[in-house]
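Same order as they appear, the protein sequences are chains A and B.
Per the numbering used here, residue 1 is the first one in the first sequence, and the count goes up by one each step.
Per the numbering used here, residue 1 is the first one in the second sequence, and the count goes up by one each step.
Since the hints were derived computationally from the structure, they do not count as laboratory data.
Keep in mind that this is a model prediction, so the values were computed, not measured.
Be careful, since some hints might not be right.
Just some of the chain A residues that point at chain B, by a computed CB distance under 8 angstroms [stated by the list, open to error]:
(1) Leu127
(2) Gln289
(3) Pro292
Glycine is no exception: its CB is placed at the ideal position from the N, C-alpha and C atoms.
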Amino acid sequence: MRRAHHGWRFRATLAGIYAALVAMPHLLSFSQKEIAVFLVINVLVVVSYRLLTLTGEWSLAHAVLMGVGAYASALLAKRLGVPVPPAMLLGAAAAALVAWVLSFPLFRMKAFYFLIGSFAAGEIIRLCWKRFREPFGGPKGIKLIPSVPDVEIGGLEIAFFDPVNYYYLCLAVVTLSLVVLHRLEHSRIGLTFHAIHWQDRLAESVGVDTRRYRTIAFVIASFFAGLAGALLAHYLGTVNPNQFDVEAMVYVLIWVIVGGTATIYGPILGVAALTVVNEIVLRGLGVDQARPLVYGAILIASILFLPDGLESLGPKMKRAFARIRGPHGQP
Amino acid sequence: MRAGAGPPAERLGARLFGHNDLPAVRAGGSPSGSMIELLLQTCVNAIYAASFMALIAVGLMLIFGVMGVVNFAHGELFMLGAYCVVFAYADQSYPYFLAVMLGLVFVGGLGIAMERTLFRPVRDNPLAGLIVSIGLLLILQAAIAMGFGVRMEHIAPPTRATFHPFGLDGVVVSLQRLYVIVGAGVVLGALWVFLRRTRFGWALRACAQDPEAAALQGISIDRTARLAMCIAAAMAGVAGALAAPLVRTWPYMGHSVIVTAFIVTIVGGLGSLEGAVVAAILYGFVHTFVTTFSDGVVADIVGLLLMLVVLIVRPTGLFGARERA
Numbered sequence: 001m002r003r004a005h006h007g008w009r010f011r012a013t014l015a016g017i018y019a020a021l022v023a024m025p026h027l028l029s030f031s032q033k034e035i036a037v038f039l040v041i042n043v044l045v046v047v048s049y050r051l052l053t054l055t056g057e058w059s060l061a062h063a064v065l066m067g068v069g070a071y072a073s074a075l076l077a078k079r080l081g082v083p084v085p086p087a088m089l090l091g092a093a094a095a096a097l098v099a100w101v102l103s104f105p106l107f108r109m110k111a112f113y114f115l116i117g118s119f120a121a122g123e124i125i126r127l128c129w130k131r132f133r134e135p136f137g138g139p140k141g142i143k144l145i146p147s148v149p150d151v152e153i154g155g156l157e158i159a160f161f162d163p164v165n166y167y168y169l170c171l172a173v174v175t176l177s178l179v180v181l182h183r184l185e186h187s188r189i190g191l192t193f194h195a196i197h198w199q200d201r202l203a204e205s206v207g208v209d210t211r212r213y214r215t216i217a218f219v220i221a222s223f224f225a226g227l228a229g230a231l232l233a234h235y236l237g238t239v240n241p242n243q244f245d246v247e248a249m250v251y252v253l254i255w256v257i258v259g260g261t262a263t264i265y266g267p268i269l270g271v272a273a274l275t276v277v278n279e280i281v282l283r284g285l286g287v288d289q290a291r292p293l294v295y296g297a298i299l300i301a302s303i304l305f306l307p308d309g310l311e312s313l314g315p316k317m318k319r320a321f322a323r324i325r326g327p328h329g330q331p
Numbered sequence: 001m002r003a004g005a006g007p008p009a010e011r012l013g014a015r016l017f018g019h020n021d022l023p024a025v026r027a028g029g030s031p032s033g034s035m036i037e038l039l040l041q042t043c044v045n046a047i048y049a050a051s052f053m054a055l056i057a058v059g060l061m062l063i064f065g066v067m068g069v070v071n072f073a074h075g076e077l078f079m080l081g082a083y084c085v086v087f088a089y090a091d092q093s094y095p096y097f098l099a100v101m102l103g104l105v106f107v108g109g110l111g112i113a114m115e116r117t118l119f120r121p122v123r124d125n126p127l128a129g130l131i132v133s134i135g136l137l138l139i140l141q142a143a144i145a146m147g148f149g150v151r152m153e154h155i156a157p158p159t160r161a162t163f164h165p166f167g168l169d170g171v172v173v174s175l176q177r178l179y180v181i182v183g184a185g186v187v188l189g190a191l192w193v194f195l196r197r198t199r200f201g202w203a204l205r206a207c208a209q210d211p212e213a214a215a216l217q218g219i220s221i222d223r224t225a226r227l228a229m230c231i232a233a234a235m236a237g238v239a240g241a242l243a244a245p246l247v248r249t250w251p252y253m254g255h256s257v258i259v260t261a262f263i264v265t266i267v268g269g270l271g272s273l274e275g276a277v278v279a280a281i282l283y284g285f286v287h288t289f290v291t292t293f294s295d296g297v298v299a300d301i302v303g304l305l306l307m308l309v310v311l312i313v314r315p316t317g318l319f320g321a322r323e324r325a
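The shape of chain A in the complex, shown without the other chains (with noise of 0.2 angstroms):
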């Protein structure tokens, strides 16, 4: 088991970034305090993404298996009386089962035949939510989901309609599961991952059984992504086969590929970043309209001139420097 080796200084650094995120709502405005909850949800749902996409395949299903995780917490929320923490588990969980299942045709097709056939998966779940009022609601989704419980600790009531705390509560549930996946990409497993994307017939010939362990990458991922799903559903209080659909795996896509997939930190800062690029100046530009227009620009350009994504940018801009200092500065 190898562990991932960190100095002090990157250790003051998260321990900053941390703080500023615990500072943050407070310094916003309420619209801003929602698109914050949203920002958290959706770093786990890319980092999530970046998972499966350690193992060299691309899906097209991870927006629906966050509906897979959405609509599961939710129905077992309303429909049984199952207290929302568990029925969120249970819909995380239901999200990796139904992966598990899908598991079985999709990996026996690779590269772009996995990336289609994820499509086509994705659409069939997506359609029936659509078509089978009962019990999905049809095109109008479910209502009126229950929300997370308040909490009372030592006569200090916590109510979480307020979107400050349930930020706070999924800064802390996003991070527990960060960790999580940021273990498993150092351990055996993880490193199996890298070893199938980038030599998959050698890893197999030293007897790696890459669909095994892609089938573990699958469902890990889609875990989290249900987590994801359930996380914004018991917030948002509404579900509906809209939320889930290609657009949506479309934005996925773009914070995944702007950011960068090398890293864990590659896909936030991807998010983070057009997060703040659309709240702050497409929103200050009001360019509504032309607001898929700009992500489109954003996403080709980065394809084209920055195809290691944001995260490269440190690196590369370390190198100019070294380079501009003279030869003592090479490594």
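Please arrange chain B on chain A, whose structure you already have, making use of the hints.
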């Protein structure tokens, strides 16, 4: 998740996406039509749906075969073809067939531009090609939405003539649909002759089979890719222009088209033009019949299941021979 993308996405999410807007899905006919009339009418509708799909799927396949890129924006090329008719025929009242020619030339030219600026730099990387085309899709949708507004365009059909092909009152086919069927037949036939009988066609097929070997024989891959992209885009543009008066013409009409085109290309087998035609006919019949006897959403589910089954049982499709990934 949606909220991170902001309000317009919210609005887009609320749009009626029903993929069942493949044209001519409901058996029209007279209410008193007998079962045999309904069946014949459904067959006619299926032929129309198939010819329309074949035009798009064959183009998609041509791009994939020569460049290894899956053009997600192909539905938007179709949409642009339809908007050429909206602009030239409905707004400026030029003759209909002039508008169709405009769609052909304009979208074909756009195809050349796409090849040069977007697909050529990322030719060695299929995933990058896909992503770039998704970016283009967003741009084209937004551009049309801003230029024409997010609404359904009303296009008065250039002709209202109808036929009764079997001499039965309950079986009707409009002249406009016949345009699409005949147009698809002519274009596909011309393409077939072009690919089999001309030097350009040979070069194109050689590039699709083995780009490196073709390059060694002195075939310019850049030029061939440009040609393929131009032909494919023009086919999508013509399909859009011919079908514009028959379908819901609005900025997001490309979505259902691209979903269907994917199903058809996968079922037919990637890289096989004949497969695309056969699969388009198969899908046209299955989808139209299920829509007529059940409903559109079920037909979509059946279509997607058909594709999944083909992917599982025969991952290279009905006619696909080799894998290119």
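Now for the hints, and whether the structure bears them out:
no.: 1; hint: Leu127; result: holds, 5 angstroms
no.: 2; hint: Gln289; result: holds, 5 angstroms
no.: 3; hint: Pro292; result: holds, 4 angstroms
When held up to the earlier numbered hints, the structure conflicts with none and fits them all.
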